[in-house]
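With the hints in hand, could you dock these two chains into one complex?
Top to bottom, those sequences are chains A and B. Just so you know, we're using the numbering used here here: the first sequence kicks off at 1 and counts up by one. Just so you know, we're using the numbering used here here: the second sequence kicks off at 1 and counts up by one.
Careful, some of the hints might be misleading.
[What the hints assert, rightly or not] 27 Å max Cα-Cα, derived DSSO-like pairs, lysine-lysine:
#1 B:K264 - B:K419
#2 A:K102 - A:K114
#3 A:K102 - A:K128
#4 B:K179 - B:K23
#5 A:K128 - A:K90
#6 A:K114 - A:K80
#7 B:K184 - B:K197
#8 B:K163 - B:K392
#9 B:K267 - B:K419
#10 B:K275 - B:K346
#11 B:K419 - B:K322
#12 B:K177 - A:K305
#13 B:K172 - A:K305
#14 A:K305 - B:K184
#15 B:K181 - A:K305
#16 A:K305 - B:K275
#17 B:K392 - A:K305
#18 A:K114 - A:K200
#19 B:K201 - A:K305
#20 B:K197 - B:K90
#21 B:K181 - B:K163
#22 B:K392 - B:K5
#23 B:K197 - A:K305
I should point out that these hints are in silico values taken from the structure, not numbers from a laboratory. Bear in mind that the values here come from a model prediction, so they are computed numbers and not experimental data.
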Amino acid sequence: MKQVFKINKCRKVAKQLIIAGTFIFNFLPGISSAQADSTKKEAPAVAEESTLISPSLNFLTVQKGDNSIDLKAALTAKLKGTVIKLRTLKITFLQVADDAEKELGFVITDGFGKAVFNLKADSVKPDKEGKLNFKAVFAGNKQMDAADGEVSIKRARLEITPVKTDSLLSVNVKLIDIGTGKEIPVPETVLGIFVHRSFKPQKVAEGTTDENGEATVEVPNNLPGDAKGNITLMAKLDENEMYGNLETAVVQKWGIPVSDKLNELPRALWSAHPPYWMMITFIVLMGTVWGHYLVILIQLFRLRKEEPAPDSPLVEHLST
Amino acid sequence: MELNKFQQELFEKQRPVIEKFGKKTWGWTIFFLLWILVGWYALYLQIAKGHSVTGMRDNVVWGLYIANFIFFIGISYAGAVISGILHILKVEWRKPIIRIAEIITVISTIIGPIYILLCVGRLDRLHHLFLYPRLQSPITWDVFAIATYFTGSVIFLYLALIKDFAIYRDAKLNIPKWKQKAYKILALGYRGTHGQKRHIKISTNLMAIVIVPLAIIVHSVLSWIFGMTLRPGWHSTIFGPYFVLAAIYSGTGVLIIAMWVYRKMYKLDSLLTDKHFIYLGYIMMALGAGYGYFTFSEYLTDWFSSEKWNSEVIEKLFNPAKYGWWFLFANVAGITLPIFIVAFPKTRKPNWIALASFFMVIALWVKRYLIIVPTLESPLLPMQDTRIEYVKYSATWVEWALTFAGIATFFLFFTLLSKFITIIPISEFGETEKAKIPAVEMDHKNEIVPA
Chain A
1 MKQVFKINKC
11 RKVAKQLIIA
21 GTFIFNFLPG
31 ISSAQADSTK
41 KEAPAVAEES
51 TLISPSLNFL
61 TVQKGDNSID
71 LKAALTAKLK
81 GTVIKLRTLK
91 ITFLQVADDA
101 EKELGFVITD
111 GFGKAVFNLK
121 ADSVKPDKEG
131 KLNFKAVFAG
141 NKQMDAADGE
151 VSIKRARLEI
161 TPVKTDSLLS
171 VNVKLIDIGT
181 GKEIPVPETV
191 LGIFVHRSFK
201 PQKVAEGTTD
211 ENGEATVEVP
221 NNLPGDAKGN
231 ITLMAKLDEN
241 EMYGNLETAV
251 VQKWGIPVSD
261 KLNELPRALW
271 SAHPPYWMMI
281 TFIVLMGTVW
291 GHYLVILIQL
301 FRLRKEEPAP
311 DSPLVEHLST
Chain B
1 MELNKFQQEL
11 FEKQRPVIEK
21 FGKKTWGWTI
31 FFLLWILVGW
41 YALYLQIAKG
51 HSVTGMRDNV
61 VWGLYIANFI
71 FFIGISYAGA
81 VISGILHILK
91 VEWRKPIIRI
101 AEIITVISTI
111 IGPIYILLCV
121 GRLDRLHHLF
131 LYPRLQSPIT
141 WDVFAIATYF
151 TGSVIFLYLA
161 LIKDFAIYRD
171 AKLNIPKWKQ
181 KAYKILALGY
191 RGTHGQKRHI
201 KISTNLMAIV
211 IVPLAIIVHS
221 VLSWIFGMTL
231 RPGWHSTIFG
241 PYFVLAAIYS
251 GTGVLIIAMW
261 VYRKMYKLDS
271 LLTDKHFIYL
281 GYIMMALGAG
291 YGYFTFSEYL
301 TDWFSSEKWN
311 SEVIEKLFNP
321 AKYGWWFLFA
331 NVAGITLPIF
341 IVAFPKTRKP
351 NWIALASFFM
361 VIALWVKRYL
371 IIVPTLESPL
381 LPMQDTRIEY
391 VKYSATWVEW
401 ALTFAGIATF
411 FLFFTLLSKF
421 ITIIPISEFG
431 ETEKAKIPAV
441 EMDHKNEIVP
451 A
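Isolated chain B, as found in the complex (with noise of 0.2 Å):
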């Protein structure tokens, strides 16, 4: 097997990236290392003083924590539907794009849960979770899930890259030894004999297989941890799917931001053309659709019950004084800004797609901290002569410079990863992939017509 010319175009065209580690790249390591290094001075503050240094208390006892770790593990749905999904369907234009969301799985996959483990008290207990499982408990089958769905995620990502790593392996790239050994190593002696394309081929499609419902379970039972409770604005039969659509929609956004920001830092244009852009945009609007549905569905029934508790949650995200402008937020610039900026031809275009995508991702966040921490402001059992810190939950700066460390994390992760592997595949594409790849032509009413 040898590379086709095209092939050969995509390798020269991102050699100097996974070559050099430039200045700008060594500034924005040094930057993301510094917000991670105020993250671990957090850290340590919090563990050394004990979790009174933030915001959750007796009655809240969830906040920014745990809304990061849903969101995260929300995102890491790009890699696992948006590539898995295109995979099963041989959709061709999925190439260039899958390389950098199965990296956004990994990441989130790893970065997620760390978050929990901030969230818990006795950290030495940790291991009693494996030890002693309850298995009546939705945060056991959490553990499990999440476990799981990691494990398939990297599988999934280095069955896609082994084809790859033996290209870095022959290129004789001028890069460190240990580098090149690792390339050795990882490439697991991929010479692409047929019965080694054999293997690949069908464990590729047995975890594209795989990779689907699996993180449909796991981001339902993320839900169920809160639907499987009694409390108001949770418990909810369509919490499942409702997790599920927002987590793949959020997924989308991330992926459009990330690919949006390669095309500019390394003039990718050719590669992520306007096409993937709009193509994904399209999933997005159907995403952001369902995703309206199933929130004004969720709402609508709490607020006709008006059921005590339930009314009160309501009360607090429909009230301006209380939650009401940022659950206006959350709605306008996750559902519908989305929807109208990919409807319209004139805004659907790369940059417009991917600002819609960038407030809609944050919009996403807002959602997931007005699940989690209105509900808890609500107890069933009436407070009374407590203080407000102890029913009104406000984050602390540890609390935030924890949010941010994640954030910075998973930007150092993905700049050192795309250091070490292509971000668009090269073994993906086969001998007539250039005549596919080129950017769709558009016509003066920017639709799609055929090249």
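The shape of chain A in the complex, shown without the other chains (with noise of 0.2 Å):
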């Protein structure tokens, strides 16, 4: 009876422990960044107590410039004050087009409660309007409510041309329409030209369309490149109440080369071989040392060797 006892205690603290741990998993960024749906879950039995969180989905689009569309989800939670990027969970993203959705597909939120679906955009009709309407749902669990985010934009598409002439460097961009299946040029659009950096694009330069949609933009001839000379210009136009975000890259030779990779020090002091000073100087001191203990075992060996005076004990007249 005791065992049975015990083996039931420890199954209760066992479950507790998975309880506790899918909390944590769930709720606590930065703990794994594991890729798996959580929707299915058994809720926490802790949590069906307590209110249900109501997350926040902040949604919005970015039509490339390799006519494709990315569509952004971020999924975030504020309990007590503090606002918690939601992992694990599922975005389904949807087209609604003239009341009737359809999905699109669905993406689990990353370690950052964020979700990319990336969208042919020749895959989509727009409607009547010539706007395509998407939306993206997470369905809620017994943790948490549902959440949902739509975004309506106009199909539109910005293209970038870098010109060099002599030592001057400029892009021409041009903003264009093509919603209605038309090319209209978008003019009075202010749009940023932007360089690849290494955690989020930096500004260089901005230019407003003239009523060709076009804007000719100098960039400086001093940004530092990759290791080549390479820099990645890019064209964008950030939340625009028609078209949304739009951008758009091109590769140029117009940086200064720059290698991202650490000089290599074979011999430093925290190289795995040593400073040829420093060998030198060991072996220099080791040997010279060493040196005058091998002369003195010469001199020991030849002091062996050496002719004895015939019976001539140190020490015989000494009393016994």
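Printed below as a string of structure tokens:
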């Protein structure tokens, strides 16, 4: 009986640990980067008693230069005044056309609570007004309420063309409305010119499109590039009411070559092999001392081989 | 070559010591062996249960063992420097004391590194130090330096012993056969020919020249194990010379104590004279002043700069509730006392000098402890939610047992060696020595006057 009780107790403890682990795994960011759908998971017992969490879903689109559209969703929740990025949760992306919803696919949120769905622009058809309507949906679970976000955009194309005139570097950018099937230039729109950097794009200039939807913007000629001097120039249209976000990029050899690799110091204090001066000093010092020892050993060997004086004990006269 | 009358007298005086293993010697030997046995038991516990039986933990990773290691390597300077320098300078009064100094060197160089082994967690990987040494590490330098120094010390002692081994071999001593055979082998067939004398002279001069810089390098390297780190209280440019000076200083102290013990035990007053104590006292006083200067300079700089971490260590050393009293003792007994005892003619006597040396040696051991532990108790990363025993070091009985076992081993080796070789070298004294050896005469002010 005692043993059965012990086993039951162990099971109870293990179950509690699993529940606590699941709770931590779902609500605390940065513990694991494993991607898994937790929508169907059993809800933690502790959460049942408390009120459901109301997540917030931030949804936007980015029309890209390669004729694709990124549908980007970010899922967060505010718990005790702290914004928490909700990871490993399923976000479903849909296209809404004439009151009908068509599922495009789903993505599990990453460690930062983000889900990005890349869509070929040709695979979706605009509605009667020439607009594309998208919806991102988090279905909710036993711990959290459902959340969704909608975006409506008009198709547009952003072109970037690098121009080099003597030592002057510039880019021609062109913004064209293609929502109706015709190419209509978009005038009076501010476009940003960026260069790709490690963490996020860095803005280097901006220009406003003319009646042809074009703008020519000068680019600095002293930008650091990669090891070959390549820089990625980007034209961006941010948070436009009509088109949403647009971006396009081009790689040019206009940068100053900068290697991101550390200069290799094969013989530094921290390297696998010691500096030459250290090796030489060590070998010279040890060689000098052990060389002396060797000379002394040779002397002792010669001492032993020395022809002794016949029968001349040192202290034969000492008493016993 | 024959022994002169003085050499014969000298040998006859010491003959019973190497012929007989008296009751007193047996008593001491058993006493030391018992201590060592306790140490072996402590070592067994440490191996069986791991280092958790010691007071060393995550933060304070060094304790008594490393303090003992520095202490023993320090006193090994007695032979290297006293004997080496005095030999190069051809100082005549060195002759009766060099054997003791060289024995101290060899024994302490054997015992010192054992404490490193006691500190190492994975002894099974010890050979990796030689198979895969990382030359950039001061610990690698230390391993090679100490191994070289030990070899040099043994050669230096042996060179001075060859002639004496020949004397023991030919003296028809009343000793067991194995001992006679050992003397015969170790004497290397020495008969006192001109060529043999020349070989020994060349070798001894070479060793005397090599051993002094070698000793300085060894203790500098030892100091760099601390100095090369960025720990408060350790990262100091003067640590090299500071350690070297402290080592010669403590070595001189141990030499004076050993001389005093042998003088009393074997009634060697005519050989280990007041003159030797006074001269070594002068050396000790000069070294004490130098050591005091380094100490003052080191702590003044740390205190004046008020750098956060250094100030934390300084506070621990000056706070009576922490290490304040120990720090005071280390400086009073380690610097002031020896200087005052030797400075005043009334106390410039063998007993007083030996007493000052005794306290000075203990004070220098305490100083080594104070170099290691307060620094490790002041880590650069803050310790939070840590148990007090992980923050504060407290030596366990295992560490104390192994410490006393080391000291007992030192005395045991000394006792056994003194039964195998004469403590006062016979062959060192030439034809004209007798006139130079007698005790110096003192005037009423206790100052040396020409005999």
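Would you check the hint for K264 of chain B and K419 of chain B, treating anything up to 27 Å between C-alpha atoms as holding? Between K264 of chain B and K419 of chain B the Cα gap is close to 16 Å, so the pair holds against 27 Å.
Would you check the hint for K177 of chain B and K305 of chain A, treating anything up to 27 Å between C-alpha atoms as holding? 25 Å, holds
Taking 27 Å as the top limit, are the C-alpha atoms of K128 of chain A and K90 of chain A close enough? 31 Å, violated
Would you mind confirming whether the straight-line C-alpha gap from K197 of chain B to K90 of chain B stays at or under 27 Å? The hint holds at about 17 Å.
Sort out whether K163 of chain B lies within 27 Å of K181 of chain B, counting only the CA atoms. 16 Å, holds
Between K392 of chain B and K5 of chain B, is the straight-line Cα distance small enough, at 27 Å or below? Not satisfied, since the Cα-Cα distance of roughly 62 Å exceeds 27 Å.
Would you mind confirming whether the straight-line C-alpha gap from K181 of chain B to K305 of chain A stays at or under 27 Å? It holds: about 19 Å lies between the C-alpha atoms, which stays within 27 Å.
Quick one, are K184 of chain B and K197 of chain B close enough, alpha carbons at most 27 Å? Judged against 27 Å, a Cα distance of about 17 Å means the pair holds.
Please verify whether K305 of chain A and K275 of chain B have alpha carbons no more than 27 Å apart. Status violated; Cα separation ~41 Å.
Restraint check for K102 of chain A with K114 of chain A, where alpha carbons must lie at most 27 Å apart: Roughly 22 Å separates the two Cα atoms, so the pair holds.
Are the Cα positions of K163 of chain B and K392 of chain B separated by 27 Å at most? 53 Å, violated
Given the hint that K172 of chain B pairs with K305 of chain A, test it: the Cα-Cα distance must not exceed 27 Å. 24 Å, holds
Checked against the numbered hints above, the structure breaks hints 5, 8, 11, 16, 17 and 22 and satisfies the rest.
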